[in-house]
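Taken in order, these protein sequences are the chains called E and S.
Position in the first sequence counted from 1, then plus 2, gives you our numbering.
Position in the second sequence counted from 1, then plus 2, gives you our numbering.
Note that these hints are calculated values from the structure, not bench results.
In this text the structure is predicted, and so the values were computed from the model without any measurement.
The C-beta atom is built at its ideal place from N, Cα and C for all residues, glycine as well.
Accuracy of the hints is not assured; some may be wrong.
[Stated by the list, open to error] Derived CB-CB ranges, DEER-like: (1) E:T14 with S:K235: 32 to 40 Å; (2) S:K169 with E:E52: 47 to 55 Å; (3) E:L45 with S:P202: 55 to 63 Å; (4) E:R22 with S:G141: 40 to 48 Å; (5) E:P30 with S:C191: 51 to 59 Å; (6) S:F15 with E:R22: 57 to 65 Å; (7) S:S50 with E:E52: 54 to 62 Å; (8) S:S50 with E:E11: 32 to 40 Å; (9) E:K203 with S:L210: 28 to 36 Å; (10) E:L45 with S:F228: 42 to 50 Å; (11) E:Y100 with S:S9: 38 to 46 Å.
In case you want the letters, here they are:
There are 2 protein chains.
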Amino acid sequence: MDILKGSGETETFDRDKFCRSLRLAGAPDRVVRKVCVLVEQELRPNASTEQIEKKTVRYLAKEDLLLAARYRLRSAIMELGPAGFFFEEYVAAILREYGYKTQVGTIMKGHCLSHEIDILAEKENVHHIIELKYHNRRGFKTDVQVAMYSYARFLDITAAHKKFEEKKHVAWVVTNTKFTKSAITYATCMNIQLLGWQYPKSGSLEQLIEGKSLYPVTVLSSANRFVKEQFAKQNLMFVRDLLQYSLSDLQKKFGFHPSLANRLLQETYTLV
Amino acid sequence: MDILKGSGETETFDRDKFCRSLRLAGAPDRVVRKVCVLVEQELRPNASTEQIEKKTVRYLAKEDLLLAARYRLRSAIMELGPAGFFFEEYVAAILREYGYKTQVGTIMKGHCLSHEIDILAEKENVHHIIELKYHNRRGFKTDVQVAMYSYARFLDITAAHKKFEEKKHVAWVVTNTKFTKSAITYATCMNIQLLGWQYPKSGSLEQLIEGKSLYPVTVLSSANRFVKEQFAKQNLMFVRDLLQYSLSDLQKKFGFHPSLANRLLQETYTLV
């Protein structure tokens, strides 16, 4: 049966790939088998990847909320932008949790030009010059052109800085998507650090997030559009930031209905 | 009065800028004054740049067909793509007229990756590695990211080639649009050759075209869609390529109506 990918192309539904995606999110065999069967039974021709994911998440949430969140994480990150959050702030916050000092949107003088750096991160006397590539729709991979552009910018900056300081500089490209093969080949060859979806194998973006429960609020299945907007206004980015609020705080501060506030908190306690 | 730019923004109609564009195309003062007044009188609110250009070209063509062609050249190049021509073939053909040997779409091995080079041009033992950036809609400028990406690719190629050959290599970016200021600053600083609309001041794309009458067939005001498609099928790219055909050739080979064939040839004789 044909399904509709985020890129607009159709492809044949691949049962094995779908079941594997459940296993990747950490579902035990019993749940994989169950959800695989349930979703496949309900599959309609030309269903979109998003529709299939919604169904899957609903079934997963019945089994295990954390599992559902991990499965939804990729889409949740894609919703950050439309929900009013900045991806660079989210990534900077993640890096800080891993011991980096960060600055967002700094201007750095280069040899030819001044450059606005998405994130300048520092750890153990090494400067990490980080270029972000954020997509808020499915179906994109971050290509070698981004790695090359970032490298040329990195060269321009280090050409101006090497003269007067001894700090080591490292170029990064961070994305919420996958990288193309050539992007990976080029970056590996030129010592550019890549961080993205399922890359690198150890220490990928989703692993960094899961490792310290840094789920974005957009992952909460009980958070509707209004909730996400309220959170964005208060710059409340991580699910765990909700822990500081009591049930009545959520009702007073954000104007949430008691039952909604209750569901949000229940989910929060499960996830973090 | 507000007019609609190609980028989708509106801006106030700038009479001086408009009259200057006529002068830039080479119109004598008498014609500039006349056409300026005529077009301004007919201007309607929110007219698009394209509509204004159409009117202008109609008035200019009454005065001088060559003038009208020069005025239309920018749009004519933007029509190459939609009309079925490849911009890289057009640019390569122009370069050949200026003494370069050219290859389109060659693969070159780099240090990290193999790269598909839009045009590889050679002249006096120098290799020119040319990256093209083609826009078939108005309202774009070619940005510094393109220059940087091209430079990183150039570095990767020369890193692999320097080892075993002595030829000089030069990086180029060629576009049918203007360049942003930072693209120009960066390219000048890194010795990247830029060729685009109104750049460089001496030897810009339109000057190279006009200098040897290399007008594309899309500039012909009597060429409708059908004509352009027929030309594209025969890979007939320059107006002057039409010189090899007689009136009856055009009727037989392309199936044009005698009066259309006649108009096309009249225009051709004026332009080349």
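Going through the hints against the structure:
no., hint, in the structure
1, E:T14 with S:K235: 32 to 40 Å, "36 Å, holds"
2, S:K169 with E:E52: 47 to 55 Å, "52 Å, holds"
3, E:L45 with S:P202: 55 to 63 Å, "58 Å, holds"
4, E:R22 with S:G141: 40 to 48 Å, "44 Å, holds"
5, E:P30 with S:C191: 51 to 59 Å, "58 Å, holds"
6, S:F15 with E:R22: 57 to 65 Å, "59 Å, holds"
7, S:S50 with E:E52: 54 to 62 Å, "36 Å, violated"
8, S:S50 with E:E11: 32 to 40 Å, "33 Å, holds"
9, E:K203 with S:L210: 28 to 36 Å, "50 Å, violated"
10, E:L45 with S:F228: 42 to 50 Å, "46 Å, holds"
11, E:Y100 with S:S9: 38 to 46 Å, "41 Å, holds"
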